[in-house]
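Student: The sequence shown begins at 1 in UniProt numbering and counts up by one.
Careful: at least some of the hints might be erroneous.
[Said to hold, decoys possible] Simulated pairs of lysine-lysine, BS3-like, Cα-Cα distance not exceeding 25 Å:
| id | residue 1 | residue 2 |
| --- | --- | --- |
| 1 | 421 | 369 |
| 2 | 546 | 624 |
| 3 | 386 | 347 |
| 4 | 388 | 369 |
| 5 | 456 | 559 |
[Claimed, not checked] FRET-style restraints, in silico, Cβ to Cβ:
| id | residue 1 | residue 2 | range |
| --- | --- | --- | --- |
| 6 | 329 | 427 | 25 to 31 Å |
| 7 | 155 | 532 | 55 to 61 Å |
| 8 | 246 | 573 | 28 to 34 Å |
The set of hints was computed from the structure by calculation and includes no laboratory data.
We treat Cβ as the ideally placed atom computed from N, Cα and C, and that holds for glycine.
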Amino acid sequence: MAPARLSLPERCTRVMSAASSACGRGFLLLEGAREKYFIVIDDMQTDQWSSIEAAFPQDNVVSSRVMVTTTIQSVANARSSSNGYVHRTKRLGDKDSEQLFVRKACPKKYLGYMQPESKEVLKKCDGQPLALVSMGQFLRKKGWPTGPNCEDVCRNLSHHLEQDETLERMRRVLLHSFSSLPGHGPKACLLYFGMFPCDHPIRRKRLMRRWLAEGFVETQPSSTENFNTLIDRNIIEPIGMCNNDQVKTCKTYGMMREFILLMSTSQDFITLFAGNKVEHKYVRRLSLHHNIATSGSCSSLDINLSLVRSLIVFGEAGKAILSFQKYQLLRVLDLEQCTDLEDEHLKDICNLLLLKYLSLGETVASIPKDIEKLKLLETLDLRRTKVKILPIEVLLLPCLLHLFGEFQLSDKVKITSEVQKFFLTEQSSLETLAGFVTDGCLGFPQIISHMKNLRKLKIWIERSEKNTNFTDLVNAIQKFIHDDKEESNDPRSLSLHFDACTENILSSLKAPSYLRSLKLKGKLLELPQFVISMRGLRELCLSSTKLTAGLLAALSVLKDLQHLKLIADELEDFIIEDKAFPGLLHLCFVLEGATLPTIEEGALPYLISLKLICKDLVGLAGMKINHLKCLKEVILDHRVTSETRETWEKAAKEHPNRPKLLLFNPVDESESVPGDSSLASTTAEREAMETFPTPDGALQEDNIQILVKQISSAAPEKLNNSEPISKDELNSSFNNMGFSEGKLGLTELSIVQNGKVSSYTH
1 MAPARLSLPE RCTRVMSAAS SACGRGFLLL EGAREKYFIV IDDMQTDQWS
51 SIEAAFPQDN VVSSRVMVTT TIQSVANARS SSNGYVHRTK RLGDKDSEQL
101 FVRKACPKKY LGYMQPESKE VLKKCDGQPL ALVSMGQFLR KKGWPTGPNC
151 EDVCRNLSHH LEQDETLERM RRVLLHSFSS LPGHGPKACL LYFGMFPCDH
201 PIRRKRLMRR WLAEGFVETQ PSSTENFNTL IDRNIIEPIG MCNNDQVKTC
251 KTYGMMREFI LLMSTSQDFI TLFAGNKVEH KYVRRLSLHH NIATSGSCSS
301 LDINLSLVRS LIVFGEAGKA ILSFQKYQLL RVLDLEQCTD LEDEHLKDIC
351 NLLLLKYLSL GETVASIPKD IEKLKLLETL DLRRTKVKIL PIEVLLLPCL
401 LHLFGEFQLS DKVKITSEVQ KFFLTEQSSL ETLAGFVTDG CLGFPQIISH
451 MKNLRKLKIW IERSEKNTNF TDLVNAIQKF IHDDKEESND PRSLSLHFDA
501 CTENILSSLK APSYLRSLKL KGKLLELPQF VISMRGLREL CLSSTKLTAG
551 LLAALSVLKD LQHLKLIADE LEDFIIEDKA FPGLLHLCFV LEGATLPTIE
601 EGALPYLISL KLICKDLVGL AGMKINHLKC LKEVILDHRV TSETRETWEK
651 AAKEHPNRPK LLLFNPVDES ESVPGDSSLA STTAEREAME TFPTPDGALQ
701 EDNIQILVKQ ISSAAPEKLN NSEPISKDEL NSSFNNMGFS EGKLGLTELS
751 IVQNGKVSSY TH
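Let the sequences and hints guide you as you build the complete structure.
Tutor: Here it is, written out as structure tokens:
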């Protein structure tokens, strides 16, 4: 009589019990070990190390090795000891990707035949070996060369990923990445990425504000935690960095995005309008991509817009979509890249009383006073608009937290008793005002002094013939930066853009002062005194036509400074002396000239990252990096000559830490805003120029041809001891926001996304 089939929970319990018993027996053998041992722990998760760490001998005199594989960056970092090493597995390059895909897609008898047009497939697979193998096997199964072409396959990839058994391994690994996310919040936040077009760079802060408006998270710290979780697990990819080395822009890689679309659209989480097709009559989150809506069919769509909570448009929307009277529950409205929005549409937008997030684009030139109806609005982004005059009604919105643009109040505005009462009674919630234009006249300077919750302030100060008195502005800034010693530990940020006529403004600001971040752009002859004595300053960005040696010397004593960015046409000769910049972690130069400072031994003792953005850089330009003991990366302008790259490669290899060498490109313009000077790296350039440290005894980098050979010979069978994932299981994974599945082999996770190998010696 056949034994009864065990349920999934019972099978999992037995497997885990057996595994724990085997591990226990193995660890007992380590006690008193006198010979070298090599242990591989596959797919380490966040909470597993603490339960087994104590089993390893702490006084082992022999040199042994423990290797841990994981897809979680923080796990890799935490598991590597002082004599350990974290190895980041890299994606395949274009040539190897195409070779692997064609080998799997084309039967041997067709090797001399015309090869498939693989450009779209390679883009979707994004250098991931398992994706390339799966897609190649799928195309062969469909009967290459008489079957569907690559473009047709990629166009319906989400459908194939859900239905076809050839893509089972791919689907299982992607589902594991999704299901292992901790809780509902990160999963919902990840699915929201489906609202954006493929390869579209997404601003981190913009994304997090939308999560808050949607209700996926309740607080800003929770939003940040969820974003960092997705980055840490290599599910989303950073492509642009801020001055303080935080992620500024990101995107999802090819196959993960297809999986996100599958999960989010199958459960009506989002509705994507692409290819003149909307699959759901009732829509909660609607995304329109690149003029799809103007084909003529949009106006006759049988969809109910009254339930839409979130709308984002890229390109033309069409009359039907821009009929805002139809929307009753709209909370998030992103029209930043909508090309047919007009000023008259704003009248109806101002009747969307539940709106929390509103972003407008370059076709908008004015904001109506009716915006005062949007009592729940939290974010108003006007950076891409042509709005120059802001109605004061915007500042009186009680829930408004973040206001972006470059505007001023009308000369005719009157600070009425009602306005004064609003601010004096602390009804304003505004935390970000970035920013306003002033020439010292009445307006913002008189109001911001009463904004008690203000944390980020950006000001453009203009020359004015009719007014040279900036007393009110100086008083407002002084109040914003004042250090009361007890309460001033918040992340306060100030950005000032000024010209030569406003030097007196900076000299008028006095200590004590407190800021977490400061940006000064204009003619700077010397460092203002209030900066030298400022408490808590961690991030500083100075932009001027010329930066003098005296100014730079004054910076070197700022003990709290961690991130410094210097932008200049000309940099005077300067020596960074011993013990200068005692706490600096990141140093960035953006220069027109090729002059760099001389670094003495003992200076910059904790510097981790050195960025030299100068296209005319010649060799090392006299800069020596060997004594920068904590250096982990050097970043160069992507336009430098090949000779300069080779010189820096050699210097990096000779450095004790073997720091990475990266090339950076300007951030993609589709997501940049005026004045955005952040930098982003292209994947190809990052991987081509990345130099990994290889200390004695550490894990060496795999030969890429060996990897291709190993993957190419892999059998297409399903994972060991794993059953196929049905459509019902896929859907239940979304509904339950959790999934229990069998063990994934070491090769599976390491070849589907950017994995980590943590190796160290006992």
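Student: None of the hints should be skipped; say for each whether it holds.
Tutor: Right, here's what the structure says about each hint:
1. 421 to 369: This hinted pair holds, its Cα atoms lying about 19 Å apart.
2. 546 to 624: holds, 23 Å
3. 386 to 347: Holds. Residue 386 to residue 347 sits at ~17 Å (cutoff 25 Å).
4. 388 to 369: OK: residue 388 and residue 369 at ~14 Å, within 25 Å.
5. 456 to 559: Holds, because 23 Å separates the two Cα atoms, which is no more than 25 Å.
6. 329 to 427: 25 to 31 Å: The hint (25 to 31 Å, Cβ to Cβ) holds, given that residue 329 and residue 427 are roughly 26 Å apart.
7. 155 to 532: 55 to 61 Å: holds, 60 Å
8. 246 to 573: 28 to 34 Å: About 32 Å separates the Cβ atoms of residue 246 and residue 573, which means 28 to 34 Å holds.
Violated hints are absent here; each numbered hint is respected by the structure.
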